[in-house]
Amino acid sequence: MDNVVTKSKDVTVLEILDRVLDKGVVISGDVIISVADVDLIYLGLKVLLSSVETMEKLRGTPFVGPMQEPT
Amino acid sequence: MNFKDTQRLPAKQSLKMQSAEKQLIYLYCVTAASPTLKEAVKLASDLYFVYSVDLYAIVSKVAESEFGEESLKANMADLEWVKTKISLHEKVIEAVMTNTCVIPFKFATLFSTEESLKAMLTKYAEEFKAILEKLKNKEEWGVKIYCDTGRLRQSLANNNPELLEIGNKIGSSSVGTAYFLKKKKDELIKDMLNNKISECGQESFELLKELSVEACLNKLLPKEVTEREEDMVLNSAFLVNKLEVDDFINMVDNLRMNCEGQGFSFDCTGPWPPYNFCRLPKEKTQSG
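Protein chains in written order, with the numbering used here: chain A, 9 to 79; chain B, 8 to 295.
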């Protein structure tokens with residue numbers, strides 16, 4: 009039978025990111041990374057950026073009109 | 008593009024350069040007992056601890072040119088840098104926690120001086136001590152459940168009598184009726200899928216919660232982040248008594264065996280530094 013348990017040595021970067029970036033004690037040190045930056049890393053980490061670009065392009069189609077509403 | 012590569016400083020800078028450059032203090036974790044840094048030092052040679060108010064802060068000096076606010080922002084966009092640094096953060100804390108209970112801090116918690124670090128320790132001393140007391144003899148374990156929705160849908164469509172009946176009716180109906188029946192069938196499948204997923208996720212969470220001291224549900228990560236075909240349907244963490252870890256893992260195994268035929272898969276990882284179980288009381292962080 010396979011063992012379902014993964015020792016932390018073998019865990020993926022994702023597992024680490026999922027904890028290290030937005031868990032753990034958060035206090036205001038002297039240098040602060042904002043939560044927004046954390047989300048950016050999630051975005052940057054994977055191919056999401058390309059799909060975001062595609063979405064931006066789609067929003068720019070003539071049907072939307074020149075005045076884009078902020079989302 | 009034809010830009011010349013800007014010259015980069017080598018990762019290991021000479022001592023002379025270090026002394027010339029402004030440094031910040033990077034905090035990994037806090038312990039109540041004197042930490043053994045023998046293993047951790049192998050990962051980060053400049054690791055040391057700062058002692059104050061009966062607490063030990065495990066820290067290292069980092070260059071402001073790497074971790075200062077502006078540099079940090081730029082470096083956070085460099086995924087290789089992020090991967091290396093978060094892995095180091097995790098490994099250092101893991102090395103420290105083999106000998107004693109730790110409060111892990113968020114990645115890149117930085118102080119400009121030892122005085123400001125000590126001031127922080129003093130400010131939260133009572134809270135940190137209470138958290139460390141609570142964490143004694145316990146481990147954090149993570150359980151994520153993924154669902155192969157296609158497989159689950161197929162297993163429902165093949166086995167559910169109600170769906171099979173509608174399927175038969177569709178075959179013998181006019182085009183118009185078949186269209187509406189198909190729509191009805193799709194909606195039924197959707198409901199059943201959702202029920203099945205929340206049943207598996209919720210039941211697993213509740214059963215594992217009973218075997219742990221504390222449990223917490225985290226937000227589900229999208230496929231773009233997990234890079235898996237399946238959807239994440241549960242992202243949870245548990246604080247488990249060390250003596251009960253075997254029971255906990257056995258339960259995960261049982262749940263997996265019950266659910267995997269339907270397209271669910273389980274990821275159980277640990278022991279982790281207790282990232283999910285060391286929150287400070289809200290009032291204090293807000294007012295402070």
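Any given hint might turn out to be false.
Each computed EDC-like pair below joins lysine to aspartate or glutamate, with the alpha-carbon atoms no more than 20 Å apart [stated by the list, open to error]:
{"hint": "1", "chain 1": "B", "residue 1": "Lys-113", "chain 2": "A", "residue 2": "Asp-30"}
{"hint": "2", "chain 1": "B", "residue 1": "Lys-98", "chain 2": "A", "residue 2": "Asp-30"}
{"hint": "3", "chain 1": "B", "residue 1": "Lys-230", "chain 2": "A", "residue 2": "Glu-23"}
{"hint": "4", "chain 1": "B", "residue 1": "Lys-197", "chain 2": "B", "residue 2": "Glu-213"}
{"hint": "5", "chain 1": "B", "residue 1": "Lys-80", "chain 2": "A", "residue 2": "Asp-30"}
{"hint": "6", "chain 1": "B", "residue 1": "Lys-113", "chain 2": "A", "residue 2": "Glu-23"}
{"hint": "7", "chain 1": "B", "residue 1": "Lys-90", "chain 2": "A", "residue 2": "Glu-23"}
{"hint": "8", "chain 1": "B", "residue 1": "Lys-130", "chain 2": "A", "residue 2": "Glu-23"}
{"hint": "9", "chain 1": "B", "residue 1": "Lys-90", "chain 2": "A", "residue 2": "Asp-30"}
{"hint": "10", "chain 1": "B", "residue 1": "Lys-230", "chain 2": "A", "residue 2": "Asp-30"}
{"hint": "11", "chain 1": "B", "residue 1": "Lys-68", "chain 2": "A", "residue 2": "Glu-23"}
Rather than coming from a laboratory, the hints here were simulated on the basis of the structure.
Here is what the structure says about each hint:
1. Lys-113/B / Asp-30/A: holds (7 Å)
2. Lys-98/B / Asp-30/A: holds (17 Å)
3. Lys-230/B / Glu-23/A: holds (14 Å)
4. Lys-197/B / Glu-213/B: violated (24 Å)
5. Lys-80/B / Asp-30/A: holds (16 Å)
6. Lys-113/B / Glu-23/A: holds (14 Å)
7. Lys-90/B / Glu-23/A: holds (11 Å)
8. Lys-130/B / Glu-23/A: Cα-Cα ~31 Å, so violated.
9. Lys-90/B / Asp-30/A: holds (15 Å)
10. Lys-230/B / Asp-30/A: Roughly 19 Å between the alpha carbons, so the hint for Lys-230/B and Asp-30/A holds.
11. Lys-68/B / Glu-23/A: With Cα atoms ~26 Å apart, Lys-68/B and Glu-23/A exceed 20 Å; violated.
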